[in-house]
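Visitor: Sequence:
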Amino acid sequence: MTESYAKAAARRPSLWDKISRTIWQKTTTRWSSRWSSTATASGKPLVTIEKREDVTLIGINRPEKRNCVNRQTAGQLLQAFEDFDRDTTSRVAVLHGNGGTFCAGYDLQELSQTDATVESLITRGPMVCILSEDDLNATVETHLNGPTMMLTSKPIIGAIDGYAVAGGLELALLCDLRVVEESAIMGVFCRRFGVPLLDGGTVRLQRLVGLSRALDLILTGRPIEAKEALEFGLANRVVAIGTALGQAYNLAKSITKFPQECLKADRKSTYYAAYDSNSLDESLRYEFENGKHIITKESVE
-8 MTESYAKAAA RRPSLWDKIS RTIWQKTTTR WSSRWSSTAT ASGKPLVTIE
42 KREDVTLIGI NRPEKRNCVN RQTAGQLLQA FEDFDRDTTS RVAVLHGNGG
92 TFCAGYDLQE LSQTDATVES LITRGPMVCI LSEDDLNATV ETHLNGPTMM
142 LTSKPIIGAI DGYAVAGGLE LALLCDLRVV EESAIMGVFC RRFGVPLLDG
192 GTVRLQRLVG LSRALDLILT GRPIEAKEAL EFGLANRVVA IGTALGQAYN
242 LAKSITKFPQ ECLKADRKST YYAAYDSNSL DESLRYEFEN GKHIITKESV
292 E
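Mapping of the sequence shown onto the numbering used here: position 43 corresponds to residue 34, and the numbering continues sequentially without gaps.
No lab work stands behind these hints, which were simulated from the structure alone.
There may be inaccurate statements among the hints.
Straight-line Cα separation of at most 20 Å, EDC-like style, residue types lysine to aspartate or glutamate; simulated pairs [what the hints assert, rightly or not]:
hint: 1; residue 1: Lys248; residue 2: Glu55
hint: 2; residue 1: Lys244; residue 2: Asp167
hint: 3; residue 1: Lys42; residue 2: Glu55
hint: 4; residue 1: Lys244; residue 2: Asp257
hint: 5; residue 1: Lys283; residue 2: Glu252
hint: 6; residue 1: Lys218; residue 2: Asp207
hint: 7; residue 1: Lys218; residue 2: Glu280
hint: 8; residue 1: Lys145; residue 2: Asp267
hint: 9; residue 1: Lys42; residue 2: Asp74
hint: 10; residue 1: Lys42; residue 2: Glu73
hint: 11; residue 1: Lys283; residue 2: Asp272
hint: 12; residue 1: Lys255; residue 2: Glu219
hint: 13; residue 1: Lys244; residue 2: Glu55
hint: 14; residue 1: Lys145; residue 2: Glu41
hint: 15; residue 1: Lys288; residue 2: Asp207
hint: 16; residue 1: Lys283; residue 2: Asp78
hint: 17; residue 1: Lys255; residue 2: Glu278
hint: 18; residue 1: Lys35; residue 2: Glu55
hint: 19; residue 1: Lys244; residue 2: Asp45
hint: 20; residue 1: Lys255; residue 2: Asp76
hint: 21; residue 1: Lys145; residue 2: Glu222
hint: 22; residue 1: Lys145; residue 2: Asp167
hint: 23; residue 1: Lys248; residue 2: Asp207
hint: 24; residue 1: Lys259; residue 2: Asp76
hint: 25; residue 1: Lys248; residue 2: Asp78
hint: 26; residue 1: Lys244; residue 2: Asp78
hint: 27; residue 1: Lys35; residue 2: Asp272
hint: 28; residue 1: Lys218; residue 2: Glu173
hint: 29; residue 1: Lys255; residue 2: Glu44
hint: 30; residue 1: Lys248; residue 2: Asp267
hint: 31; residue 1: Lys145; residue 2: Glu55
hint: 32; residue 1: Lys145; residue 2: Asp207
hint: 33; residue 1: Lys145; residue 2: Asp45
hint: 34; residue 1: Lys259; residue 2: Glu73
hint: 35; residue 1: Lys145; residue 2: Glu252
hint: 36; residue 1: Lys255; residue 2: Glu55
hint: 37; residue 1: Lys283; residue 2: Asp74
hint: 38; residue 1: Lys283; residue 2: Asp207
Given these sequences and hints, build the entire structure.
Guide: Laid out in structure tokens, this is it:
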């Protein structure tokens, strides 16, 4: 790393102060009743969908709440991902936040208004969605249907600006690739509030950056800036301020130009080796069985 630990530690207090002013102090003031937990103040949809040829842009649309996710937003995100996965004309999705920040985590207002139903949901993960009575009665063992529990069959690229913290970081980890603006801040900020990672953070983060670096972020809850995120492997690209969405779209378009069956097969094999396989031999066998039909179906043609 180009910056010493001592220098990094020396500048953390001022960064924490800045973050406290811009997110967490505002979060506590937003617990007042003037905000609706089911829609933005203007009545706009909580998630926006824009189709640009073979790329689908999925935007979290609660800018007045710094795109904090509540159950309704989680439900719309889940629906958007499922629609994208079924859409045969869309090859790559770009997940982003509207209004200058990716996602500042779960909506603490909803957590502060717990009843029996919400308590039962929280034990299954804050982004678990209620789409039917079956969802309400389901258990962890039988049903996890939130957006962070998905693995789509096609790539998702995250366009990260502003803050991607707590549950917002977990949404970023859901993405295959992350294009991060140079001013963006990421981190496990829920550490300071006694809220555990329930949406894949402990699973995906250590797979991406390794156990030691994952524990550094998980145990300290410290902020990580774009440059360090790139060094960690948490960011795949660091781009200028205001360009994350455009650069993520360009990256998505470049991926759409490749033969898709081959690309999806290799992606699936990679995820299998990372999360499901018990041995090198099993991974190699799966890779071969999963990809061999592509030789005659797409490669020869």
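Visitor: Each hint should be assessed against the structure and marked as holding or not.
Guide: Here is how each hint holds up against the structure:
| no. | hint | result |
| --- | --- | --- |
| 1 | Lys248 / Glu55 | 37 Å, violated |
| 2 | Lys244 / Asp167 | 15 Å, holds |
| 3 | Lys42 / Glu55 | 24 Å, violated |
| 4 | Lys244 / Asp257 | 18 Å, holds |
| 5 | Lys283 / Glu252 | 11 Å, holds |
| 6 | Lys218 / Asp207 | 16 Å, holds |
| 7 | Lys218 / Glu280 | 39 Å, violated |
| 8 | Lys145 / Asp267 | 18 Å, holds |
| 9 | Lys42 / Asp74 | 12 Å, holds |
| 10 | Lys42 / Glu73 | 15 Å, holds |
| 11 | Lys283 / Asp272 | 16 Å, holds |
| 12 | Lys255 / Glu219 | 30 Å, violated |
| 13 | Lys244 / Glu55 | 30 Å, violated |
| 14 | Lys145 / Glu41 | 17 Å, holds |
| 15 | Lys288 / Asp207 | 45 Å, violated |
| 16 | Lys283 / Asp78 | 25 Å, violated |
| 17 | Lys255 / Glu278 | 12 Å, holds |
| 18 | Lys35 / Glu55 | 11 Å, holds |
| 19 | Lys244 / Asp45 | 8 Å, holds |
| 20 | Lys255 / Asp76 | 12 Å, holds |
| 21 | Lys145 / Glu222 | 26 Å, violated |
| 22 | Lys145 / Asp167 | 9 Å, holds |
| 23 | Lys248 / Asp207 | 38 Å, violated |
| 24 | Lys259 / Asp76 | 14 Å, holds |
| 25 | Lys248 / Asp78 | 17 Å, holds |
| 26 | Lys244 / Asp78 | 16 Å, holds |
| 27 | Lys35 / Asp272 | 51 Å, violated |
| 28 | Lys218 / Glu173 | 7 Å, holds |
| 29 | Lys255 / Glu44 | 19 Å, holds |
| 30 | Lys248 / Asp267 | 29 Å, violated |
| 31 | Lys145 / Glu55 | 31 Å, violated |
| 32 | Lys145 / Asp207 | 31 Å, violated |
| 33 | Lys145 / Asp45 | 12 Å, holds |
| 34 | Lys259 / Glu73 | 17 Å, holds |
| 35 | Lys145 / Glu252 | 10 Å, holds |
| 36 | Lys255 / Glu55 | 37 Å, violated |
| 37 | Lys283 / Asp74 | 28 Å, violated |
| 38 | Lys283 / Asp207 | 40 Å, violated |
Taken one by one, the earlier hints fail for this structure at numbers 1, 3, 7, 12, 13, 15, 16, 21, 23, 27, 30, 31, 32, 36, 37, 38, listed in ascending order.
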